[in-house]
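Based on the provided sequences and hints, a complete structural model is requested.
Protein chains in written order, with the working numbering: chain A, 1 to 215; chain B, 1 to 382.
In silico DSSO-like links for lysine-lysine, alpha-carbon gap of 30 Å or less:
(1) 93(A) x 40(A)
(2) 155(B) x 9(A)
(3) 9(A) x 154(B)
(4) 155(B) x 177(B)
(5) 130(B) x 102(B)
(6) 180(B) x 93(A)
(7) 207(B) x 352(B)
(8) 155(B) x 125(A)
(9) 242(B) x 125(A)
(10) 130(B) x 242(B)
If we take Cβ atoms under 10 Å as the criterion, some of the chain B residues that face chain A in the derived model are:
(11) 35
(12) 37
(13) 142
(14) 143
(15) 162
(16) 182
(17) 183
(18) 186
(19) 251
(20) 252
(21) 253
(22) 270
Bear in mind the hints are in silico, worked out from the structure with no lab data behind them.
Owing to the predicted nature of the structure, the values given are computational and were not obtained by experimental measurement.
All C-beta atoms, glycine included, are put in the ideal place defined by N, C-alpha and C.
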Amino acid sequence: MRLVVRRWKEGWRAPRYDVFEVEADPSESVLDLVERVSLKLDPTLTFEHACHHGVCGACGMVVNGVERLTCVTRVGDVARNGVILVEPLHGFKVVSDLVVDKSRMFSRYPDDTRTLERVAAQVEKLWDCVECGICYSACPVACSYPSYLGPSVLAWAFHRAVEEGRVPAPVASRSGVWSCHAAFDCSEKCPVNFQPGEKIMRLRRLLLRGAVEVV
Amino acid sequence: MRRVVVIGGGVTGAAIAYDLSLRGFRVTLLERGSAGSGTSGRTHGLLHSGCRYVADVEVARECYSENQILRRIAPYLFEKNGGLFVAITEDDLRYKEFFLEKCEEAGIPVREVSREEALRLEPNLNPQLKAAVVVPDGTFDPLKVILSFLASAKKYGADIRLYNEVRGFRVGGGEVKAVKVLDKVSLREYELEADFFVNATGAWANKVASLAGLHVPVKPSPGVMVALDGRIGNMVFNRLNKPGDGDIIVHHRGTSVIGTTSWVVSDPDEVTAPKEHVELLLRRGAEMAPIVSRMRVKAVYVSSRPLIGQAAQTGREISRSFAIIDHSSEGVSNFFSIIGGKFITARLMAEKMGDVVCEHAGVTAPSRTAELPLVPYWHFYG
Chain A
1 MRLVVRRWKE
11 GWRAPRYDVF
21 EVEADPSESV
31 LDLVERVSLK
41 LDPTLTFEHA
51 CHHGVCGACG
61 MVVNGVERLT
71 CVTRVGDVAR
81 NGVILVEPLH
91 GFKVVSDLVV
101 DKSRMFSRYP
111 DDTRTLERVA
121 AQVEKLWDCV
131 ECGICYSACP
141 VACSYPSYLG
151 PSVLAWAFHR
161 AVEEGRVPAP
171 VASRSGVWSC
181 HAAFDCSEKC
191 PVNFQPGEKI
201 MRLRRLLLRG
211 AVEVV
Chain B
1 MRRVVVIGGG
11 VTGAAIAYDL
21 SLRGFRVTLL
31 ERGSAGSGTS
41 GRTHGLLHSG
51 CRYVADVEVA
61 RECYSENQIL
71 RRIAPYLFEK
81 NGGLFVAITE
91 DDLRYKEFFL
101 EKCEEAGIPV
111 REVSREEALR
121 LEPNLNPQLK
131 AAVVVPDGTF
141 DPLKVILSFL
151 ASAKKYGADI
161 RLYNEVRGFR
171 VGGGEVKAVK
181 VLDKVSLREY
191 ELEADFFVNA
201 TGAWANKVAS
211 LAGLHVPVKP
221 SPGVMVALDG
231 RIGNMVFNRL
241 NKPGDGDIIV
251 HHRGTSVIGT
261 TSWVVSDPDE
271 VTAPKEHVEL
281 LLRRGAEMAP
291 IVSRMRVKAV
301 YVSSRPLIGQ
311 AAQTGREISR
321 SFAIIDHSSE
331 GVSNFFSIIG
341 GKFITARLMA
351 EKMGDVVCEH
361 AGVTAPSRTA
371 ELPLVPYWHF
381 YG
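Listed below in structure tokens is the structure:
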């Protein structure tokens, strides 16, 4: 198996692509492969990872051109002719190699963000959205318009709007729901089917009907 | 201002950086990878009620008390849906009296419910279950807890340096003078001086300490976990028996995780999941919840617990509690290692570690991490 990794470090004028020859089992995850390269072949290779089971959102990367949560992506499902190319997510500033700065997503969270949803009277649940940033990377608007609030943040705002009947002004502004081009790449690439695109459309409809207040 | 270098960006290091920053130390945290990229990130995500450890009442009490503190300082991080201990076999049933007695002794509020009630609460449990007890368990996304501790540390001035790997130490005159670091973001090597060094690298503690010629009696004890492609319940499913392989199913977000197994290795960087462990977990999981056998496996992963090494043969018999190692007996007076513990006792471990550093530094400020609300994880960015 050949793992090709886009490398970039602070101070470099251009990125480069490193090729690593590794033994791989088709059933293991792309993340396992990247981690093994960092442990055995190149300890300076940097990438983000934590839970290794698809709940924390740290390990989003572009794998053979497609955004994936690498811990739940099997090598055998994505390798093409024995090659896997991994690159950092688009739409964010690259920090080092595969690590990107997700501030543009997390800094848009209001202080009273609801992290839990109530799915039944007695049951609370963290949102399915794992906050991986894949929807930003997949979104043609987020990648070309830095002020855009972004798919996942707007999807969270939709849930708040339904629950409380109001949204903060930026959500209803040009940098909010009105910038979406309805490409639906966010929903297409979302690893947990959170459907940000559909939620943005529904929030637009609520706003047009005057069903939610802008505060 | 006294300077402390904390090594390790798992939950323990993050909590220590927070505790010491609050007490007025100038803290730099060094982590070779991303936040939580070692053991802590890969936990199954159980906010322990303590019931799993009732055989040792002290450990159980400690877990329950930390469970309550975490709910108070960061309610937004936890799915607080409780848990169930269920008896499937006659052997499980024989454990029930002992279990209830010990829960009471540990002060953990539990409630036995009927079979019908248990199945109403969690329809995917094995309908043949013979007894069920409701306990105050919860679940979490490990990374978000770690990032919240890091965000809190940052708020009080800590300098969090991810992708900064410790390569060695400069030791002299009975002290560690400086740590040698490789910054993987800029590919620059540098030295960092400090008054105190805290080694919070868990399963890697001996590897790191040996760079200063010191020894930590840690036994890296990996456990395999299997994540299912779907969520089969809300309350944590525990097997009502002594802790063993495949006796727990933890649900969070859109997944359920079956845990775990236990063995001992010498190097936590050389661990893979044995296939037979995966089969065992799926089989044992299906005993508690038959639906498991019809689910697709989404991920298999391994996490190495930093157990305290003793004469024990296998991972499970080693103490679950934590230990702070003051390396002055090895001739170094300002270097401490912390091993053992559980994810959810990290705040307490940090408090005790903070007490030790304060005592050496002559600082009297008490720990405040149990009272102050934790800063939400999104503040770590930007």
